[in-house]
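Chemist: In order, the protein sequence lines correspond to chains A and B. Numbering of the first sequence is given in full-length UniProt numbering, commencing with residue 1 and proceeding in unit increments. Numbering of the second sequence is given in full-length UniProt numbering, commencing with residue 1 and proceeding in unit increments.
Calculated from the structure, these hints are not laboratory results. Predicted model only: the values in this text are computed from it and were never measured. Take the hints with a grain of salt, since some may be wrong.
[To be verified] Computed footprint of chain A on chain B; a stretch qualifies when at least three of its residues, placed anywhere within it, have a C-beta under 8 Å from a C-beta of chain A:
#1 141-149
#2 171-178
#3 183-191
#4 215-224
[Claimed, not checked] Beta-carbon label-pair distances, calculated as ranges:
#5 B/SER117 / A/GLN48: 53 to 63 Å
#6 B/GLU400 / A/ASN188: 53 to 63 Å
#7 B/PRO137 / A/ALA86: 45 to 55 Å
#8 B/ASP265 / A/GLY91: 53 to 63 Å
#9 A/GLN355 / B/PHE171: 39 to 49 Å
#10 B/ILE138 / A/LYS279: 21 to 31 Å
#11 A/ALA86 / B/SER219: 30 to 40 Å
#12 A/GLY234 / B/ASP110: 23 to 33 Å
#13 B/PRO221 / A/ALA86: 24 to 34 Å
Glycine included, C-beta positions come from ideal geometry on N, C-alpha and C.
Single-letter residue listing:
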Amino acid sequence: MALSRLSSRSNSFLKPVTTALPYAIRRHVSTDTSPITIETAVPFTPHQCEAPSRSVETSSEEILSFFRDMARMRRMEIAADSLYKAKLIRGFCHLYDGQEALAVGMEAAITKKDAIITSYRDHCTFIGRGGKLVDAFSELMGRKTGCSHGKGGSMHFYKKDASFYGGHGIVGAQIPLGCGIAFAQKYNKDEAVTFAMYGDGAANQGQLFEALNIAALWDLPAILVCENNHYGMGTATWRSAKSPAYFKRGDYVPGLKVDGMDALAVKQACKFAKEHALKNGPFILEMDTYRYHGHSMSDPGSTYRTRDEVSGVRQVRDPIERVRKLLLSHDIATEKELKDMEKEIRKEVDDAVAQAKESPVPDASELFTNMYVKDCGVESFGADRKELKVTLA
Amino acid sequence: MSAIIHGAGAATALSTFNSVDSKKLVAPSRTNLPVRTQKYIVARSDASKKNIGSGLRVRHSQKLIANAVATKEAETSASTGHELLLFEALQEGLEEEMDRDPHVCVMGEDVGHYGGSYKVTKGLADKFGDLRVLDTPICENAFTGMGIGAAMTGLRPVIEGMNMGFLLLAFNQISNNCGMLHYTSGGQFTIPVVIRGPGGVGRQLGAEHSQRLESYFQSIPGIQMVACSTPYNAKGLMKAAIRSENPVILFEHVLLYNLKEKIPDEEYICNLEEAEMVRPGEHITILTYSRMRYHVMQAAKTLVNKGYDPEVIDIRSLKPFDLYTIGNSVKKTHRVLIVEECMRTGGIGASLTAAINENFHDYLDAPVMCLSSQDVPTPYAGTLEEWTVVQPAQIVTAVEQLCK
């Protein structure tokens, strides 16, 4: 009954293909791992390869985890927005809300041995890789307990044990790094892949094509993921790229265009790309996504696009709403349960913010730590070697 | 002269030096050899080779010799070494390190099948295969970035710029990623990369192929820079650079690749942060590095005939400066002349002058003089090119002026 009511007002997004149980029985907030197959709303567009199937294998536990993780990321970014306006976060702060499906869908398709490297819009990717909220907020506020001990900031989140290589401020510079990580994976025979993420703005960087050439020559397990949110800061893609079909730009490298607001489509595409890269070398994924905030907190985001456009995407394509509808239509959870979950997550985020606010700032001596790895005595002495000017370690 | 090891330094145990575990072999440095300095200084002021030889040389074949002093006598008094050219010494060092550690790989243009444009990597591709000696396409930005990315995971790439000048294209990667990642990640990632290549003014190579990049790179925080000048220190520095966990830029010089010298058969490395005492003296300290060392030594011959006694130090470590050796020398001679190949503006000499003035001002009897190349693009014409760089005659004149 619930299903028919929903289907009458649902739009073409949802086509639940199979469910195991009859409609009358309700599933409560379930951790059921039995497989459900859901079809993506938008088909994949391939380049130099066969597109993967639109039917994605998932489970109610997974869809629920998508909801939870994306809600957490969304709340984190909104909290970061308020903290920035309260001047607790300074400098540059690039927010990812609207693009959460990417981080979450990718994680569902890969393991922690696969590496991810991205640019400065890295808060949610860090959380996706297992980073803690309190570490993220502490780092944003420049505290000692931050993931980079307060020395990196918003653009330099890293998590080595989860193979998350950051966090880079210069547009496009992370792509050669990512191909280098893929090279190391091949060198060490890791059977893992590297996802080098970049935006539509970085897609015009020369070093991308240089690195792609080498990756294709040496058959590296590198997957280049273009997060196409249609604006390179204030410049729309049609003004910056002669050929905005970023997935085709690899020419000899196969590519796939994906609806980046659909976590399940992202998962399917990443799985497909991983299989390809392990056997045949590099792959390009273009994720069609959107960011609600401006490029960074100093950009209102309304001078180069209309408010109607932003709210339109929010109404029609929002990733969290899509998953919510899925959960409701498949009777995996009720409205109330989801609302309760969101309340819990909100509290979790608020607690993390409060904890981070209490953390200490780094000591002055930390200015010189982690400059060099202590090796062969990197110290600078004054004359007579009596006065230790500074230990460069 | 009371060179007492600072408390912090003395704490590091002597055991690291005596350890036989080859993975932990550390060149004995100032910080872990309290007794060493005494012998070191005494040996130098009376130029007695016996002290140098017996004090530092270690018999066990697995232990390393860290000997910054490369006087000719020291070599021949030791067990029979073997004679080779500088590029062969670099190759030997590289090959030994690649044998020792499977994580070391080389990447650069034409380093593999071609054997390297200056033959430094000759024969390595046949021995180690295509995955360890990688021929890259011509894209310095990308392959330097790839080397750094690989280093983040634990590999130890040696990145070759065919000419140092080409690495300007990779400046972003070297400055932002290579130098800064260890810091901005809060110590999570180390970048044990070696970036090397020939630079400096050659024989009429033209402006773009005669660049001295040490002046551009010197401000980058997080990297170390060394310049080799003899086959002995070339091999030693190459090995030390590869073993170092920090990113090291090794500056070679186009004109020095065919220098011949006898080097020891035993394994040795040179300390990355130490300067080399080339010729002890009393009247004036001449600080130099790379090719200018030879111009200085040539000038030194003339100066000795004229009755001067210059102390010549090859600073070798361009970042950080070995202020210890330099300071002790300034204390002794009270006059400093810096001879370098960098440009006048913002070069290594400029930084060194500032460092000396700041730290050793009280010991100076005369202003620090710095002879550098002219602030011009290197011209093609041979005569003009000669006048761009510092010549021995100018060094002699400068010394005479300072020692008046």
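Chemist: Where does the structure disagree with the numbered hints, that is, which hint numbers, in rising order?
Modeler: Failing hints, ascending: 5, 12.
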